[in-house]
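So the sequences go chain by chain: A and B. Note that this note's numbering gives residue 335 to position 294 of the first sequence, counting from 1, and the numbers run on in steps of one. Note that this note's numbering gives residue 281 to position 272 of the second sequence, counting from 1, and the numbers run on in steps of one.
Not the full set, but computed from the structure, chain B residues with beta-carbon under 8 Å of chain A:
| no. | residue |
| --- | --- |
| 1 | A74 |
| 2 | E83 |
| 3 | C84 |
| 4 | D90 |
| 5 | G158 |
Bear in mind the hints are in silico, worked out from the structure with no lab data behind them. Just so it is clear, CB atoms sit at the ideal spot from N, CA and C, and this is done for glycine as well.
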Amino acid sequence: MMQPLLTFTERGIYCAQGDFYIDPWKPVARALITHGHADHARRGMESYLATQAAAPVMQHRLGPDERIETVKYGETINMGGVQVSYHPAGHVTGSAQIRVEYGGEVWVASGDYKTVDDGLSEPFEPVKCHAFITESTFGLPVFKWTNQDVLRAQINDWWAKNAAEGRVSILSAYALGKAQRLLRALDGEIGPILTHGAIEATNAVLRGQGIALPDTMLVTAETTAKTHPTALVLATPSGMASPWAKKFGAASTAFASGWMALRGVRRRRGADRGFIMSDHADWTGLNDAIAATGAERVFVTHGYTDVFARYLSEQGYDARVVETDYTGESLDAPAEEAS
Amino acid sequence: MKRFADLYTALDQTTKTTVKVDALTAYFHAAADADKLWCIALFTGRRPKRSVTTTLLRAWAAEQAGIPAWLFEECYPIVGDLAETIALVLPPNTQESDHSLSHWVTVVQGLRDQDEGARRDVILQAWDQLAPTERFLLNKLITGGFRIGVSAKLVTRALARATDQDEAALTHKLMGKWTPDDINFKSLVLADDPMADRSKPYPFYLAHGVEDVAALGDPADWMADWKWDGIRGQLILRDGLHYLWSRGEDLMTDRFPELAQLVDFVPDGTVIDGEVLAWQDGAPLSFNALQKRIGRKTVPKKLLAEAAVILKAYDLLEWQGEDIRARPHAVRRDLLSGLVAQLPETAPLKLSPSIGFDSWDALAGIRETARDHGTEGVMIKRADSPYLAGRKKGDWWKWKVDPLTIDAVLIYAQAGHGRRANLFTDYTFAVWNGNELTPFTKAYSGLTDAEFRQVTAWVKKNTLQKFGPVRSVPPEHVFEIAFEGIQASPRHKSGVALRFPRMLRWRQDKPVQEANTLDDLNALLETYG
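In isolation and in its complexed conformation, chain A is listed as follows (with noise of 0.2 Å):
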């Protein structure tokens, strides 16, 4: 029997016959990188390729020795006669799926996605294959997202309110991705944006590749509660469980997560609120992604991949946990940001 296009090795998801991997987690020659969250580009690699507009941030959390080669969306590589071309994910700026074909079979390695349009990722493209990798983080019938509008308007009454009453409002958000998609959906007609250097220096990078993004401001040692005290300040989960938020004194603290969706996680980060809101796709995302695919053959890397190759097998695809080092969204120390 011939070898399957790709398969899963302990480095990485391997293709033999163009000899390259998507998204590998020990060092390889070649690596092709769907996005530059940390857990999917890691170091070491000898040569990266992504597409154009994920390069930068990848080179900013990498540094500058490594070498990452970039592709437009849509462009079809030749790689040892596998055909390779990258398609809007949906999931961040730059993220793609990446669809490789042999012989007249495609696959596609999703990375990270959802099917929401957040207005400030590439929205997500369906791409027809024979086989398709997805992730699962949410893959259970309880998450659901919250319409973007009525987020837009949940996040920004909970600022409004806090301003009204002197108080600050801290918002805890990953650096790359979330937090930019926040930035879009809050309106600064109600106090300045306050940022932590990690999402700072995220902002900068995306901004120098011709994103725009509203006007937003560093804190230092100076910006207190009393300087600002109708900002809202956006922090990393790491940063917001950290002295650094003390001195915004009796802030509105809030997370913006996936996870917000369930009450007794809610309750567990001791947060006064919790907005529903995720780069990942939800149940019904999950779903109706992979119904579009036609895939036969469906390999689940990370998130509840149990209960949800379970339940497509039920729904009549050849689906399979496959096991990998990524870990999805989490509340607590994104790898990202140890970069």
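Place chain B on chain A using the hints.
For chain B alone, kept in the frame of chain A given last:
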């Protein structure tokens, strides 16, 4: 239901006590009496009688959501709450309605008289006309347990403010076995006489833990007695009847029938605060013995003989029909000891004796012997203090003896429920038995959130095998397990059962070979079992 849903949302969206009390106060000003009454009932642990089984609710929810039953069951432990799981999986409502809270309670209660088909119609119809939060609350009405971060204390404080009355007096009014079906808002909350209900208990006074006893000041101002390891109970003798209440306001009278004879010896108009203990030959039996009695509504003769209970009395709240809680503790104790001294030797009511001490060091020495007396430590009470309502700092302190500890190896981990749904927080621990590891206890608490996250990350990367929700992990991490007592237990592989085990600390400094052994555990059993 929208007003109640708004209240719930306001309570859920803040961690600040003042904001919660403000929201409740506003509700008590605005809502109709019937709704207020149900709101109080729900937040103080009372609920309509269960009218639909949760099995049926789950089946209907899965069916409406268009998902297989097994998938619903996978979601439930991750969400950790049945009412919430149902609310989350259901499709959006297609109709609108705004009936009152008490309307929906009536609907839920009405289900009891209907057949299964009619019940199903009512529930599906309700789900389809309620917005997600209201739907969650309706499910809570049916499944029970309104634990949403609001204590009875906060509800009482807000209600006291809204009705302009004293909080402690109101706390007393809200005690006992009332339900909204047999009382109205006016007679429960606004009427002046809480004693109209003769079974009504006084609010319990609860102690805080203390470490630095020297900071309490002059020992001469204080009294002490043992801290018993039983069930806190308030015994009421009024109008020739007796009632026994637990701290959680469960009426336990029928569970401990041996206390009934006290009606013959103790004068009417007496209320005693004390500890229910399984008692034999002048000493308490282990909590295990008492545990066998707790769940039973009727007690077989054999068990009555094996684990007979007494009330170990430590305070007197009502004497000769008069509420004496405002009198000094020392005076109440004198009256109590006089009362107990009148009783026959065989009466199941004993005095928890005062412990004499003239310095804090002396009391510390006595505390060290607590385990020899079958107790958990000592209670320290200010001699001139009144009997207050609830957990008030200052007059009552519990000074527990240090727990027993053992160093154990983590061998299994399981994800938590609810608040801890995406963390591995439930662990099984083992001790060495030769070259083998013998599991001997589970523990769920004692680590910080950060430590739980760290262990969770490690478990995910180091899972050896999955058995359903349980994962076996390599024996690499040692934890110091603290516990209050140890008993022989033939049901357990290790031969022992621990009382209140929890993790004291993660011994990252300790190699796994240096964890304790089964022999160490047996030595503890020998000494303290």
